[in-house]
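Read in the numbering used here, the sequence shown has 342 at position 201, and its numbers run on one by one without any break.
FYI, nobody ran anything at the bench for these hints, they're computed from the structure. Hints should not be assumed to be uniformly reliable.
[What the hints assert, rightly or not] Calculated pairs, DSS-like style, for lysine-lysine (alpha carbon to alpha carbon, straight line, at most 30 Å): (1) K163 to K363; (2) K163 to K349; (3) K204 to K349; (4) K157 to K363; (5) K363 to K349.
[To be verified] Computed spacing ranges between beta-carbons, pair by pair: (6) D354 to E226: 24 to 34 Å; (7) I276 to Y297: 10 to 20 Å; (8) R360 to G173: 17 to 27 Å; (9) D191 to A272: 14 to 24 Å; (10) I190 to V228: 36 to 46 Å; (11) D346 to W262: 12 to 22 Å; (12) G303 to E336: 48 to 58 Å; (13) S253 to K349: 18 to 28 Å; (14) D346 to S253: 38 to 48 Å; (15) T326 to D354: 19 to 29 Å.
The structure presented is a predicted model; accordingly, all values stated were derived computationally and were not measured. Note that beta-carbon positions come from the ideal geometry of N, C-alpha and C, so glycine has one too.
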Amino acid sequence: LIARLEQFVRLSEIDKESVTTKFRHRRITAAGRDIIHELDHADGVVVIIDGFAAQFKVKDDGKRQIVGYFHPGDLLHFGALAADEAVFGVTAFAHTTTSAIEADSFLALTSSSQSLSRAFWHLAIEQLSIAREWIVELGLGSAAQRLAHLFCEQHYRLEEVGRVNDGAFNFPLSQRDLGDTIGMTHVHVNRTLQELRGDGLIAFDGVKLRILDLVRLRRLAKFDPQYLQWRKAGRGT
142 LIARLEQFVR LSEIDKESVT TKFRHRRITA AGRDIIHELD HADGVVVIID GFAAQFKVKD
202 DGKRQIVGYF HPGDLLHFGA LAADEAVFGV TAFAHTTTSA IEADSFLALT SSSQSLSRAF
262 WHLAIEQLSI AREWIVELGL GSAAQRLAHL FCEQHYRLEE VGRVNDGAFN FPLSQRDLGD
322 TIGMTHVHVN RTLQELRGDG LIAFDGVKLR ILDLVRLRRL AKFDPQYLQW RKAGRGT
């Protein structure tokens, strides 16, 4: 979490100690289990320590829409600051470790330091920026562009937290999960994945996704990481 926050603002040793102390308790959730249940009481602000999680909403007809992916250092539930219930659920795609603090404790933490306040709000704004980009892709992208853009974004985000090795990263999603993310049936997802493989852009090895040609994949996706890069220009001292 500290490494993620320092992507936005440099923190003092006192700030780092405060964050470490507040987020000291750990909870482990197995793959396939929910970290946060829809409409459950909000336990507080939750941060990913290790693993891979996704935020989702299930409609009355049973259809699910995944609205965000979370990686180490990401906050899962800013909504706890304003609501008693979790509007969206969060599920673990992999063995995931989290830490949570009550909303009042989080507000006290951010109130204690201007640097921490700025860093956490930058993190929240980044997540909003990602959500907006997803909406654009869902509305305007072709099937191949949606998948390509998703893969480029995950590669970029995971590389920033040191989780990419030789173009490969952990991506333990089923084709149904991908379909629920980009608004396609699993049959359509399967066909599109075959196209990307056939074009020599990606390859899967178990739960590992390898980007074989990042330049061409970005060109197909029309991927511009500017919505993920703005934070660096504003990094304070």
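Evaluated hints:
no.	hint	verdict
1	K163 to K363	40 Å, violated
2	K163 to K349	33 Å, violated
3	K204 to K349	27 Å, holds
4	K157 to K363	38 Å, violated
5	K363 to K349	23 Å, holds
6	D354 to E226: 24 to 34 Å	44 Å, violated
7	I276 to Y297: 10 to 20 Å	18 Å, holds
8	R360 to G173: 17 to 27 Å	35 Å, violated
9	D191 to A272: 14 to 24 Å	23 Å, holds
10	I190 to V228: 36 to 46 Å	23 Å, violated
11	D346 to W262: 12 to 22 Å	38 Å, violated
12	G303 to E336: 48 to 58 Å	30 Å, violated
13	S253 to K349: 18 to 28 Å	41 Å, violated
14	D346 to S253: 38 to 48 Å	45 Å, holds
15	T326 to D354: 19 to 29 Å	27 Å, holds
Checked against the numbered hints above, the structure breaks hints 1, 2, 4, 6, 8, 10, 11, 12 and 13 and satisfies the rest.
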